[in-house]
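**Student:** Listed below are the residues making up each chain.
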Amino acid sequence: MSTKPSATASLKRVSRLAEHRRESARALSRLRSAPAATLITLLVIGIALLLPALLLQLQRAISAGIVALESEANISVYLDLGVSEIDTKRVSEQLLQLDEVDSLEIITPAQALAQLGETAGLDSEFLASFDSEVSIRSQSEEDNTRFSPRNPLPTTLVVSARASGDETLAEAAERLANQIRGVERVESVTVEGAWLARLQALTQIIRRTAQLLGLLMAVGLLTAIGNTIRLSVEQRRDEIRVSKLIGASDGYIARPFLYSGLFLGVGGGLLAWLLQLVVVGLVGHEIGQFLALYAAEAGSSGAFALSETLQRAGQELGLLLGAGAFLGWLAALVASRRAIAACEP
Amino acid sequence: MITFDRVSKRYPGGQQALANLSFSLARGEFAFVTGHSGAGKSTLLKLVLGIEKPSGGKLVVNGNEMGLISSKMLSLHRRQIGTVFQDHQLLNDRSVYDNVALPLEISGLDPREGKRRVRAALDKVGLLSKEKLLPMALSGGEQQRVGIARAVVNTPRIILADEPTGNLDPELSAEIMALFAQFMSVGVSLLVASHDRALIDGLGYRILTLEEGRLSAEANPHSAGGSANEH
Numbered sequence: 013m014s015t016k017p018s019a020t021a022s023l024k025r026v027s028r029l030a031e032h033r034r035e036s037a038r039a040l041s042r043l044r045s046a047p048a049a050t051l052i053t054l055l056v057i058g059i060a061l062l063l064p065a066l067l068l069q070l071q072r073a074i075s076a077g078i079v080a081l082e083s084e085a086n087i088s089v090y091l092d093l094g095v096s097e098i099d100t101k102r103v104s105e106q107l108l109q110l111d112e113v114d115s116l117e118i119i120t121p122a123q124a125l126a127q128l129g130e131t132a133g134l135d136s137e138f139l140a141s142f143d144s145e146v147s148i149r150s151q152s153e154e155d156n157t158r159f160s161p162r163n164p165l166p167t168t169l170v171v172s173a174r175a176s177g178d179e180t181l182a183e184a185a186e187r188l189a190n191q192i193r194g195v196e197r198v199e200s201v202t203v204e205g206a207w208l209a210r211l212q213a214l215t216q217i218i219r220r221t222a223q224l225l226g227l228l229m230a231v232g233l234l235t236a237i238g239n240t241i242r243l244s245v246e247q248r249r250d251e252i253r254v255s256k257l258i259g260a261s262d263g264y265i266a267r268p269f270l271y272s273g274l275f276l277g278v279g280g281g282l283l284a285w286l287l288q289l290v291v292v293g294l295v296g297h298e299i300g301q302f303l304a305l306y307a308a309e310a311g312s313s314g315a316f317a318l319s320e321t322l323q324r325a326g327q328e329l330g331l332l333l334g335a336g337a338f339l340g341w342l343a344a345l346v347a348s349r350r351a352i353a354a355c356e357p
Numbered sequence: 020m021i022t023f024d025r026v027s028k029r030y031p032g033g034q035q036a037l038a039n040l041s042f043s044l045a046r047g048e049f050a051f052v053t054g055h056s057g058a059g060k061s062t063l064l065k066l067v068l069g070i071e072k073p074s075g076g077k078l079v080v081n082g083n084e085m086g087l088i089s090s091k092m093l094s095l096h097r098r099q100i101g102t103v104f105q106d107h108q109l110l111n112d113r114s115v116y117d118n119v120a121l122p123l124e125i126s127g128l129d130p131r132e133g134k135r136r137v138r139a140a141l142d143k144v145g146l147l148s149k150e151k152l153l154p155m156a157l158s159g160g161e162q163q164r165v166g167i168a169r170a171v172v173n174t175p176r177i178i179l180a181d182e183p184t185g186n187l188d189p190e191l192s193a194e195i196m197a198l199f200a201q202f203m204s205v206g207v208s209l210l211v212a213s214h215d216r217a218l219i220d221g222l223g224y225r226i227l228t229l230e231e232g233r234l235s236a237e238a239n240p241h242s243a244g245g246s247a248n249e250h
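Those sequence lines, one after another, are chains A and B.
Heads up: the first sequence begins at 13 in the working numbering, then just goes up one per residue.
Heads up: the second sequence begins at 20 in the working numbering, then just goes up one per residue.
Everything labelled a hint here was simulated from the structure, so no lab data went into it.
Hints are supplied without guarantee of correctness; some may be wrong.
[As the list claims (entries may be wrong)] Which residues of chain B face chain A? A partial, calculated answer using Cβ under 7 Å:
1. I70
2. S94
3. R97
4. R98
5. Q108
6. L110
7. P122
8. I125
9. G127
10. D129
[As the list claims (entries may be wrong)] Every beta carbon over 12 Å from chain B, so not counted as near; a handful from chain A, in silico:
11. I52
12. L68
13. R72
14. S75
15. G94
16. R102
17. L125
18. E196
19. V198
20. Q212
21. I217
22. L225
23. E246
24. L345
Just so it is clear, CB atoms sit at the ideal spot from N, CA and C, and this is done for glycine as well.
Please model the complete structure; the sequences and the hints are all you need to start from.
**Tutor:** Printed below as a string of structure tokens:
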């Protein structure tokens, strides 16, 4: 005699959809029946997802700022004090020959002094007297090609670097600076983009930290959700034993627990997103100011990050919900499978 | 329906629960398994249900060889057996109705289709009016009848019962046995473990007596008092 399907098999079966609806409703009611444990698990998930998400956001905000600044990677070339106009012209022509040089601007000592006065907020009258003194002295010596030693500022060539190939602008600027250092009449060279490179390195650190933290948090989350599910399975040991005795498969028994894990993960993801909005609201202003400082240094208008960050909120929500759902489901799958197998009748 | 062929069962501790047991139960047959506690009654039922596997011999239940059955087939196998437990094994957080509906839910039957069947099963055990109550609100006898309704709702081919009258007074016990007899008449095979000789001797069905894991006596309604020692 072979195993014939039981009489029920030939009857109308419940639809897959209705079955899943029933199991998910059951999972929800189980979560609701233990509100304290559910809430704690949600908080754990929310915070665990929040930390790497925030770090990634910070990194992205700064990176966005860097992209806006990167076109500004300049090199200041200071010539020897008292260099002649002819020499200045010769040096600048020599520099313009270089491939890496995009453009070049000459700032004479007089212009530099005026700029200094402006940015330092020096009394304009005092500055004017200083300037006239310089010109009087220059005239008295009847040597227009030499600047007065009273003006301590050198002639400056501001060189914009141009990146070639897959080189970053900062790298190109650094290489160019080394080249320029060898040029005659050049006193010293400063790469203005150096702080940019440092900032870039910082964002790399933040990014790596976020990735590592995310990985650790994922492991922690799997453990935390898995533990909640395992406890939930153990609480229902009798029910599971009876269900097995009357023919329930492990998969059937696991289904509401998988939904529990999924719901916990999605709920935790949502919580992480809300917390993130709060945190960004609280410190976003400070991040904006921090970036604006760099923007001022680079002379860029720099309206970054915050508005963009908020625009990304929808994308972030999707990512957090997805990560939560996947981790919750995976944790429940592993934990419930083992716990259910252990409930032998 | 059930064939034991020189089946033995030895537990990992070394305890010999069943030794060289052979008998078979036909379709629509009602048999009692009796004996002192520890004689192997529970082990016998566990083997039929696939909770334990035989350590020797061959056991075929409803076409499945129980020593070789896969875990996937095992759950299908159990769906075709209605089991009544001594301690009811009802789910206390679900209503009487939901308890009885559980086997149908596990089989994936449409709940609307199942409704008629659950009602019929509850009607048969006389508990239709209590379908909305939780099991704890019922008496021991009523809980046992809920267990019976759950065992029969899926129209099984085999009904197993482990001390179904263990905690009940004689009157209720007789009622439950009468209920079982009704299922026998529609072609279901029943195997009922009971130590209540006073009750089962009077019913006139086949009685298998176990002693230290061996079949020590077999009483039969057709050949009353007949003994078959299987060695």
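**Student:** Hints first: check each against the structure and report whether it holds.
**Tutor:** Taking the hints in turn, this is what the structure says about them:
1. I70: holds, 5 Å
2. S94: holds, 4 Å
3. R97: Status holds, d = 4 Å.
4. R98: Where the cut-off is 7 Å and the nearest Cβ of chain A is about 3 Å from R98 of chain B, the hint holds.
5. Q108: holds, 5 Å
6. L110: Holds: closest Cβ of chain A sits about 5 Å from L110 of chain B, inside 7 Å.
7. P122: holds, 5 Å
8. I125: Cβ of I125 of chain B sits 5 Å from chain A, so the hint holds.
9. G127: holds, 5 Å
10. D129: With Cβ-Cβ at 4 Å, under 7 Å, it holds.
11. I52: holds, 22 Å
12. L68: holds, 43 Å
13. R72: holds, 48 Å
14. S75: holds, 52 Å
15. G94: Holds: least Cβ distance 94 Å, greater than 12 Å.
16. R102: holds, 89 Å
17. L125: Answer for L125 of chain A: holds, closest chain B Cβ roughly 87 Å.
18. E196: holds, 87 Å
19. V198: holds, 82 Å
20. Q212: holds, 57 Å
21. I217: Per Cβ check, I217 of chain A is outside 12 Å of chain B; nearest 51 Å; holds.
22. L225: holds, 40 Å
23. E246: holds, 15 Å
24. L345: Since the minimum Cβ distance to chain B is about 18 Å, L345 of chain A lies beyond 12 Å and the statement holds.
No hint from the list above goes unmet by this structure.
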